[in-house]
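Colleague: With the hints as your guide, set chain B onto chain A.
So the protein lines, in turn, are chains A and B.
Residue numbering for the first sequence is 989 to 1398, as defined by the numbering used here.
Residue numbering for the second sequence is 5 to 162, as defined by the numbering used here.
Just so you know, the hints here were simulated from the structure itself, not pulled from any lab data.
Do not rely on the hints blindly, as some may be mistaken.
[Said to hold, decoys possible] Listed next, the in silico DSS-like pairs over lysine-lysine satisfying Cα-Cα at most 25 Å (straight line):
| # | chain 1 | residue 1 | chain 2 | residue 2 |
| --- | --- | --- | --- | --- |
| 1 | B | Lys44 | A | Lys1154 |
| 2 | A | Lys1183 | A | Lys1033 |
| 3 | B | Lys140 | A | Lys1194 |
| 4 | B | Lys140 | A | Lys1154 |
| 5 | A | Lys1154 | B | Lys129 |
Computed from a prediction, not measured in an experiment: that's the story for all the values here.
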Amino acid sequence: MAHTDVAVVGVGYSKHVSKRRDVNIAEMVWEAVSACYEDAGLKPKDVDAICTGNMPAFEGVNIPELWGAGHWGAYGKPLMRITTGGTTGGSVAHGGYYAVSSGLFDTVLCIAFEKQSDGNSTMGLNTVALADAAAMFQQGVDPGFLAAFGGGAVGIAVYQAASYMKRSGCTTEHLDKVSVLCRTNAALNPYSHLKQPGLTPEEVAKTTLMQYPIRFGHVCPATDGACAMLVTTGEKAKKLIDKPAYILSCASCSEEASLMGIAGSGTTNMDPCVQESCKIAAKWAYDLAGIEDPRHEIDVAEPYSPFAHQLLMFYERLLLCDDGEAPAILDSGSMNLEGDLPVCPSGGVISTNAIGASAMERVSEVALQIMGKAGDRQVKKEVHKGVAHGWGGAVNLNVVAVLSDTPRRS
Amino acid sequence: MEYKKETRAVEGDWPMAYWQWKFESIALIAKTREAFKEKKLLGLKCPGCGLVYFPPKPYCYCLARPDKWVEVEQTGTITTYTFTGAWAYEGISEEEQAGGAPMIICGINFDGSDTLTVCLLDDAKPEEVYVGMRVKLKWPEVIEGRVDDIAHSEPLKE
Chain A
989 MAHTDVAVVG VGYSKHVSKR RDVNIAEMVW EAVSACYEDA GLKPKDVDAI
1039 CTGNMPAFEG VNIPELWGAG HWGAYGKPLM RITTGGTTGG SVAHGGYYAV
1089 SSGLFDTVLC IAFEKQSDGN STMGLNTVAL ADAAAMFQQG VDPGFLAAFG
1139 GGAVGIAVYQ AASYMKRSGC TTEHLDKVSV LCRTNAALNP YSHLKQPGLT
1189 PEEVAKTTLM QYPIRFGHVC PATDGACAML VTTGEKAKKL IDKPAYILSC
1239 ASCSEEASLM GIAGSGTTNM DPCVQESCKI AAKWAYDLAG IEDPRHEIDV
1289 AEPYSPFAHQ LLMFYERLLL CDDGEAPAIL DSGSMNLEGD LPVCPSGGVI
1339 STNAIGASAM ERVSEVALQI MGKAGDRQVK KEVHKGVAHG WGGAVNLNVV
1389 AVLSDTPRRS
Chain B
5 MEYKKETRAV EGDWPMAYWQ WKFESIALIA KTREAFKEKK LLGLKCPGCG
55 LVYFPPKPYC YCLARPDKWV EVEQTGTITT YTFTGAWAYE GISEEEQAGG
105 APMIICGINF DGSDTLTVCL LDDAKPEEVY VGMRVKLKWP EVIEGRVDDI
155 AHSEPLKE
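Just chain B, with the same shape it has in the complex:
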């Protein structure tokens, strides 16, 4: 980039590994990740206000401690979306994009939860997507118990 010719760059490390969330959050998510292997979505319900957090979270915004595990549905509704492709970077024009079909990224509110999860939407064209569209989770062939096991979704045909 141009500015690098004008300014002096100083090499350095950014030790992100030391910056971690406390064990509690990680333990909660680990439980949810384990449940992926059984093709289950586990959320945590708050006793104070009844909100269901998926992924789980140790503190609710009402400051009560969500403590009840509940199963969240694998169908949901798109609350917001965007699509992107190679042109999104370095000012490459739409016609010149090399990456093939644009990637559709959407925020999904899975039924039975009160949160938004960001997923890719497969098997759909950008012009077909809309806010309010019904979708379902698309599991990978091999489920490893990772966060990105739930990275894909597809249109729900009802």
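Extracted from the complex, chain A is given alone in its bound form:
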């Protein structure tokens, strides 16, 4: 299969906080984009195309690139927007990868962002749930009854967490420990949102229960933030920087939604923690990347985990261990910054969730680890290969990217 090597040569972030009142969307994204150009040593004239994405429903601003093109160096360039829910950023990175690997373009700027404070995220989630909700209302179901079942991502996550805990033996103490792992890593990341140095599992266990088994301490914040990433051909990357991070492969796989099987998304997916599509996407990605033994070949993992149990669940579904082994691996300390296979050294989505940006930040964070530019959150071991993941879409799209310090065909 014809394939041009693709490498990340620059990464840029805006500040990530709850509310950016000093900038609008276009200006906030500009911060990430300008930092990215500077990081790669490129100018807008060097870029051949733009790939961008966010979840417009959350800000209530549709076609935001109409507003921002001038701030992003996009005038006079091919531009494509990708929106796939929680996986948006991952899909944007895939879009950049496809554009370069196909040989269509040499250098592509990937932009992913969310400015949640501008809109109403609950309303945004309602628009996402419309397909299910409309079917229910049409059947004469009382909206109050529907609301009681818990909607949106938390609604799905609690069911997923309960069945995952049953399957794996994961306890609520493990969930507390995941929050500690991520939030203390986040304290080392200047671009993270919730930094909690010195956080203890006991403190997490004392936070308010939202819906069993998820407490406030187990859930991501709503973040304003943007991420930009420059990808180019392997050939150009070598001329630009000493240590580019090559994207070896991208794969995605979707399932039907896994709850509320009335008419709309009725499904035979009975257990929301199975996530077979993640295993399929991971297998495809590893195969394409020439990775036979991900458990030993992968040096760092950034699973998409806005809820604590998901870090462990997706660690398993990314084939980094057998089903049910992740809680014990967490206990062993292997997931820490100095561990054998550090997980979410960035602090992960549970610490920072600018929704559209989150899945691309998994890719950019793995890239920074490979480039050795992750600063205080750089893991102790040498990083040759890493895996980045996203989960979202119809609550069951999984996207996986494998990155490396050496190109695919060397």
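Modeller: Here is chain B on its own, set in the frame of chain A:
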């Protein structure tokens, strides 16, 4: 909420009534709802892969058309659950909850079907619930042929 003081809210309508599922899906569910009145659960079986959809669905994920009506058992197994109460909203703490006993919501795989249905579990305490627990449907006193006729379940004593 705080942000409303900072940002400008624009009044508007969201005409959800216009957003409807096509007649076919509705007709299928209507048949199932009618069967509730006889205390029967009707599912639809796919000729392509043999999966039984309850509630019924006009298209299978294998893209064949489920077309055979089959009766699904009224007993089932909890595949996942959560419980919630007043504290789940607006950050009210567990001790302060006003709503009385927490509401237990579970995903039930009714015997003879391959799908999950979301129901409330009555007559059980949160600490008694587990994945794999056997339950049975609890019909309301008056069955009206509505989707929420099957909203309640209770532990199955075998």
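Colleague: Hint compliance check: list the failing hint numbers for this structure, sorted ascending.
Modeller: 1, 2 and 3
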